[in-house]
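Participant: So you can see what is in the structure, the chains are spelled out below.
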Amino acid sequence: MTETTVRLPDTSKLVVSSSPHFHDGSSVRKIMLLVIVALMPACLAGVLTFGPRALWVMLVCVVACMLVEAICTKLQGRTCTLGDGSAALTGLLLGMNLPVTTPAWMCVVGAIIAIGIGKMIYGGLGYNPFNPALVGRVALLMAFPTAMTTWVAPRSASSPLWAGVDSVTRATPLGTPWTGEQLFSTWELFIGRTGGSLGETCVPALVLGGLLLIALKIIRWQVPVCFIGTVAVITGIAHLAAPEQVAPPLLHIMSGGLMLGAFFMATDMVTTPLGRTGAVIFGVGCGVITAVIRLWGSYPEGVSFAILIMNAFTPLIDRYTAGKPFGVISHPGREVKL
Amino acid sequence: MKDIIRLCLVLAAVCFCGAAALVYVNAKTLIPRQQAQQTALAESLFMVLPPETNAVNALELPLDKGLSFFLASDEEGRPLAVAGQGSTNTGFGGEVVVLVGLERDGRIRGVMVSKHSETPGLGTKATDRKQVKSLWKVLAGKEKDLDFPPNDYLDIYSGRQAGSFVLGGGSAEQRIDGISGATTSCQAVLAAVNRVCDAYNKNRDAIWAAQ
Amino acid sequence: MVAEYFGLIVGAILVNNFVLSRILGICPFLGVSRKLSTALGMGGAVIFVMTLTGFVTALVQHYVLLPLDLMYLRTIVFILLIAGLVQIVEVLLQRLSAPLYQALGIYLPLITTNCAVLGSAIICADSHYSVIKSTVFCSASAVGFALALLLFASVREKIELARVPRSLEGPAIALLTAGILAMAFTGFSGLGG
Amino acid sequence: MSATKEFLKGLWKENPVLVLMLGMCPTLAVSSSAKNALGMGAATTFVLVGSNVAISLVRKVVPDKVRIPCYIVIIAVFVTIVEMLMAAYAPPELNVTLGIYIPLIVVNCIVLGRAEAFASKNSPWLSLFDGLGMGVGFTLALMALGAVREFLGAGTIFELQLFPKWEPFLLMQYAPGAFFVLGFFLAGMNMLRIRRARLEGKTYTPPSFDCSQCNLCELGKD
Amino acid sequence: MTKKHLRFYGGVQPQESKIASGVAIVSAPLLATYVVPLQQHIGVPAKPVVAKGDKVLRGQLIGEAGGFISAAVHAPTSGIVKEIGSCLGPVGNQLPALILESDGEDQAAEPMSALDWPNASPDELRKRVAEAGIVGMGGAAFPSAVKLSPPQNKTIDTLILNGVECEPCLTADHRLMLERPEQVIIGARITARILGAKQVIIAIEANKPDAVALLQEKAAGTGVEVRSLQVRYPQGAEKQLIYSLTGRKVPSGGLPMDVGCVVQNVGTGAAICEAVCDGKPLYERVTTVTGTPLVAPGNWRFRVGTPYLEAIKLAGGVKTDPVKIISGGPMMGMAVYSLDIPILKNCSGILLLAADELRQYESTPCIRCGRCNDTCPMAMMPGILSVQIEKERFELAEQWHVLDCIECGCCAYGCPAGRPLVQLMGRAKAAVQAARKSRTAKKA
Amino acid sequence: MTAVFILTLIGLLLGLAIALTVHYFGVPTDPLAEQVAELIPGVNCGACGFAGCNDYVEALVAGKAKPGHCPSQSADALQKMCELLGVASEPHSEKVAVVCCSGTDQYAIRRAFYNGVNDCHSAMQVAGGAKGCVYGCLGLGSCSRVCPFGAIEMRADHIAVVHPELCVGCGKCVTACPRRIIKLVPKSAPIHVFCISPERGAVKRKVCNAACIGCRKCVKAAGEKQMFINGFLASVNYENPPDVNVVTVCPTQVLRTEAQPAAVAAAEASASPAAAATKTAS
Ligand SMILES: Cc1cc2nc3c(=O)[nH]c(=O)nc-3n(C[C@H](O)[C@H](O)[C@H](O)COP(=O)(O)O)c2cc1C
Ligand SMILES: Cc1cc2nc3c(=O)[nH]c(=O)nc-3n(C[C@H](O)[C@H](O)[C@H](O)COP(=O)(O)O)c2cc1C
Ligand SMILES: Cc1cc2nc3c(=O)[nH]c(=O)nc-3n(C[C@H](O)[C@H](O)[C@H](O)COP(=O)(O)O)c2cc1C
Ligand SMILES: Cc1cc2nc3c(=O)[nH]c(=O)nc-3n(C[C@H](O)[C@H](O)[C@H](O)CO)c2cc1C
Ligand code: SF4
Ligand code: SF4
Ligand code: SF4
Ligand code: SF4
Ligand code: FES
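Chains as they are written, first to last, in the numbering used here: chain A, 1 to 338; chain B, 1 to 211; chain C, 1 to 193; chain D, 1 to 222; chain E, 1 to 444; chain F, 1 to 282.
By construction, these hints were calculated from the structure, which means they are not laboratory data. Backbone N, C-alpha and C define an ideal beta-carbon position, used for all residues, glycine too. There's no promise every hint is true.
Unchecked claim - Within a straight-line C-alpha distance of at most 25 Å, the following computed PhoX-like cross-link-like pairs (lysine-lysine) qualify: (1) B:K144 x B:K133; (2) A:K13 x E:K437; (3) A:K13 x E:K313; (4) E:K437 x E:K391.
To be verified - For each label pair, taking beta carbons as the anchor points, the in silico distance ranges come out as: (5) A:S12 x E:A51: 47 to 55 Å; (6) A:P103 x D:A3: 51 to 59 Å; (7) C:P109 x D:R196: 49 to 57 Å.
Make a model of the complete structure from these sequences and hints.
Facilitator: Right, dumping it as structure tokens:
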């Protein structure tokens, strides 16, 4: 073997970095895109139920959120982070949480609050303690309660898809006091032909997306199961105790933002506990608060508030449920001096 | 020891002077304060009563808690109209107190909400009689003060016969349309008005007889 | 009766939370919430002092001020009572239990000038609560205060590690976060009557 | 000369709300409208001026050990006076909205802070202007907050409508709105100071909002 | 023998890429110059016992242990000491080194006497391990003699020979086990004798069935147990290995001996066997040279001090230019930028990565997805830790047990945000240790 | 009248309570400590070696520490403090930090692309940071992040530069630098050798064009008392610094007055050091 036939490596373009030198190829962008994909059935259901304006509302929210994020990163002198897709996802979720009649400017205000106050003031993706989309939604709810609680009836199934939004306002299952008889048939509730936010009504579409995320291990199953389960148990007990005043648990589970919240918003990894035990506590906490607000509070729906309040508990939960490192006797968080 | 006494004395002296000042101010403002309290009620009362009203007397009647009536009389002491005050706890922010001015024939002169804690800008659409003045008009000097500022919701009651009203339903006389988005507040006002009307209808004779 | 007190307690802790809804006691809320440990100590101290002062001020109100028709002196009398009580408690703690003093005592001076303490006493006086009701109300309010403080401190410890823009650092981000927390707590409105 | 200086410093350089960050409760609670802000500001200014002058007058006689209790008594007296005056002469709805925040002026750190930091060391004349400056600075900052909140939350300023079609942003009328607006005000102040520091070639680190700011107790001194 | 094994927590399954596993070990030809560092181990550098210009023979002692935790160094061939200077080491540091110019004769020095190990005393054997300059060949290069001298109060009942080789790409241990099974087994028995361990286990991952079968056959009747383990990285890390085999948990901050175990690489075992039975000191080792850019990846027996460049030449040079050259495997190896770095006693592989295999770290924030928690075999919270470390809050990191990190890289392997987690852990570990040192210094 | 009586009574009781407490439990505060504290800037930088300014003040008052350990204190304040404490005032020599490296990207070669945490300590752990010179500045700003005064600017061409007008000589950066290339020197010293590599000139030349090559020209020009050569590296004798003009003889310009050539300094001065620091922070 002569020296000349052997090609030696050129070392001038080498990269040095820390181990490990392999990676499994996952990325934030892929995760966010998958969540968006998982939301598509529910979006479609929203458009079919409420007409093309639903699409418009979601589009405005997505575009506005992305714009706000771009502007904020620019102002802060950071590189643009639109590529990770989280702003688009926040926008989509915000849109799905609004009534189909929300005017475009209100969507923009919501986007500014969601991304601006909910996320960018903390430095962007990963640092926000509260769920941005819900910050936006709750701010809109408190700022414009009338607009945010005016629900229109779903399009009649026979009218063409492009027909405008029905102007008939229709109450939501939760917004009308329970009188002992169901306002909507179970089937209507199930497929989402009720009043409500445009992306929250269709149960099968949401569950489908949620199961996809669970299968792909993007979200932990503990959160939705505990969240929905807790609501079912508490409303179930209350219903048994007072059937004329409290709706049956099935109605509670299938109405309002519970499905959307449990599968897509209480699972936002940034704002929820890291570990499995934490996920269980988080889910149960959300369920309890939701049920309490629904049954005894003055707001008809409590999912958004419940998730935001539990977001505030997240650092505490993390601290007290942090797993024991291998070979360590006590939990790390508990050792932190109080 | 000396130190201790000195400390006590200084503190006591300061308290003494302070207390003296307070007693003085208290004495001086006692009457204005009471008047201020009375005028607050009186102003609302006069708004639902006829302009000729000269004197208003609170009536002593065996009524439920939260209900009271006032009789307005003219210069010669003739009874002119009645004002009923009623309260309910069903507002969005809790208590709502209304004043209902009633003519001799049992017709409602006007309704005022004298106390509430409804959401500003939302529930207040159904409760506040506040004149909204435009800055530009004020600057141009075109804005006039109104005696009885309008309220879309409360004005529905004016001129109707005191009875039991129903929000968005009932017979034509009973029907009252609410304001969308503020249903709770409308309902609360309505409940309070109904209480007053009920009590008025039951005690009509006693009320007018009281002099 | 039970329902009434239950409503009073839930209302004071969650619905009309002193910090997040009534906006009282903001100085310590922002001031000692940088570390969870200090927040816990302060929370404990406030619960203790507010229960005590709620009871004592209600006593004085019902048995001294009201009979003598001196309600206009309530502000000055209450604040002096609070200042004196805090001082006495501090001294007693120092004397009786060193660990307790270390845990709670060092927060006591901060309490005299805390709106929440005087505020709760005045709210009780103005709402004509009975002595028992006043005590319950004050301690429930203090628990609400401690809860808000605890949550806020833990969230702030998380924010400490975030990439907050320079111009928002310090009090600005703390206030904005408190705003979101307050927004979340409005969800409880209507509970407990 | 120096009296003007003492007066002016409260307006901007040592503004109690925006710079010293004192008296947060009234600032946040009653700044929901410009009118409330003005009322609260006036009441606080009255107490500040009164207590500053009174304390400055007695500062030489009061022994150190009972200094704080004496100051509290003096401040409480002025607060009670202003409470009674307002009940007698101020518009009733103002009394309702300001509510318990008037008696709470007693524990407003601005008042006690000025008593400690200024009045106990200076002549009544200077203390008068210091109190006035601080009071006016407080009032102005409060009114700025109030105006923003009132405009956003109701579309009006001093209850006069600006645009007839304004959709009120009701959030501003509640506690969260108060936190948000003040938060952004402080961020704005920070931005100004960072800019100024940069022009001078220095760096500015925003004060950490914790007890190291205030010197009423021993916390946060480690 | 097919005892059901436990499964350690976490771990990942990277692509194996063991392309050199079928290539038999070849002894590398003699070179003209060797750069022999005096510090090829953890601890104090060896002290040179030869001077510039001296003539040395292969296997001759050239550096003696410089302290308690230190190891001797022997000449890889015969020749002249050209210089006592320094050279670049794999972590980018300067190592004291001897430059040895070969005389081409490769003359061996008088070997140490062979020991009759079944009858020699443990102390005698231990002394030989030290004299032979044996250090751990599984990566950390901890002087084996020290490891084999547990304090009096610790009894060792289990010796584990680590033939797991869970690192992707590397095949050196695999080939060694296939080609010198007797040495491995005898090495294990010698070590067990030194330690007085009753149980001896050779652990092999299930992806090397040939090695398992061969060793089982050879070990039959010797009391040495051969076990096949689940294929999961980092099965070979000692704490995880001990747990998988025995269910014992090495306490935080503790050593395997705290649970009565000692873990030793199979290569170390073979080296001990050679030192004891043949009197041969440690101056050569099996190293895998692999990677897609190479023309002919394979396994060679290199003398210590061979520059990486020579190893790459042996592998036929490259087809394409690599973008990364790694000393060790892809999960724990160190990237180097120079091919002048010599092969040390612990260098199990030289790995070249092509441009399409390059992973880039990004400093995007942690999105708290929790994958790193789920895969960290130490069950730590790398995500939370990394955020604390980025803010240089090392005291927090200490409270959250950063020192337990074994730098296996599982966390960074699956982190969707592409964060340099292992580097951050390493930074924090260094800072925490420095802080502890200064704390104890202050107390003293 | 009851009002006056009640209030005065409360005042009396409170006064009594306080007086008794003070009498029995009072801890005397030291007026001296307060005065001393006022003379300390209160930045809590820790450079004095105490856990914050308060700690130092306590030690000072207790006589356990000497004045002059606070680097941020002006000479004036120190003088006053010494008078207060009744200690002989010590000569106050103000120091500044200097980054003794000239190896910007322009001059010093990089052997590989470094991909990892933007922090000098971390880079050291990965192939030593991949800079050709193993002594040179890595330019990743560990020093700049610890400086409490924002005095260290991280330049885009990967070198740290101390702004002497902002530096108070607290020395935090000196310990923060993993390469130990920051030195504290007297503020008055006019020139510095911006290199610390002890290697031979030829070795240095291979990795850096701006290194000290140990040619002795400066020593000849300035005199043995002002400058000296240690191994292959020239050093300034800060006790007896040489004349500014010596810089002209240095062939590699490693002997300079400024950390950087004047033209660059002016252009970069507008960008704040703090802004530069946050950019490099990961
Ligand atoms: C922040 C907020 C404040 C509200 N304030 C009131 C109020 O003062 N009065 C009222 O009737 N409803 C109030 N609501 C309730 C909603 O407006 C009401 O439940 C919803 O609009 C139902 O519509 P409806 O009133 O047309 O039935 C409030 C809601 C929110 C979110
Ligand atoms: C600083 C240090 C001290 C050690 N001390 C001992 C020891 O006293 N006894 C022992 O048996 N092993 C000791 N070891 C060896 C370890 O148990 C372990 O085998 C070695 O670090 C190699 O581990 P690794 O290859 O998994 O990194 C020590 C290792 C290090 C790094
Ligand atoms: C993540 C990780 C993976 C490891 N993988 C192996 C391996 O596959 N084979 C091996 O022999 N040692 C491996 N080690 C080293 C072992 O932990 C242990 O230190 C070694 O087997 C001790 O033997 P030695 O002292 O003979 O090197 C690994 C260590 C770590 C931290
Ligand atoms: C499973 C999952 C759920 C998410 N849910 C939300 C959400 O409810 N609201 C939101 O603003 N962003 C959500 N995001 C996007 C992203 O995490 C969010 O924008 C961050 O909180 C911003 O820092 C989600 C992302 C994932 C992967
Ligand atoms: S490198 Fe450390 S933190 Fe990361 S997975 Fe391995 S042990 Fe856990
Ligand atoms: S894997 Fe990466 S993004 Fe996920 S929690 Fe861990 S560090 Fe954060
Ligand atoms: S540059 Fe160094 S010595 Fe100078 S102030 Fe900053 S940290 Fe202290
Ligand atoms: S001088 Fe600063 S930037 Fe340069 S290596 Fe040292 S710490 Fe890093
Ligand atoms: S102003 Fe309320 S606590 Fe300070």
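Participant: Holds or violated: K13 of chain A with K437 of chain E, Cα cutoff 25 Å?
Facilitator: It is violated: about 39 Å lies between the C-alpha atoms, which goes past 25 Å.
Participant: Does the Cβ pair P103 of chain A, A3 of chain D satisfy 51 to 59 Å?
Facilitator: holds, 55 Å
Participant: Given the hint of 47 to 55 Å, is the C-beta distance from S12 of chain A to A51 of chain E inside that range or not?
Facilitator: Violated, since S12 of chain A and A51 of chain E (Cβ atoms, about 37 Å apart) do not stay within the stated range.
Participant: Are K144 of chain B and K133 of chain B close enough, with their CA atoms no more than 25 Å apart?
Facilitator: Holds. K144 of chain B to K133 of chain B sits at ~9 Å (cutoff 25 Å).
Participant: Is it true that P109 of chain C and R196 of chain D lie within 49 to 57 Å of each other by Cβ?
Facilitator: Because 35 Å falls outside the window, the suggested range is violated.
Participant: K13 of chain A and K313 of chain E: Cα distance at most 25 Å?
Facilitator: holds, 19 Å
Participant: Straight-line Cα separation of K437 of chain E and K391 of chain E no greater than 25 Å?
Facilitator: Judged against 25 Å, a Cα distance of about 22 Å means the pair holds.
Against the hints set out earlier in the document, violations occur for numbers 2, 5, 7.
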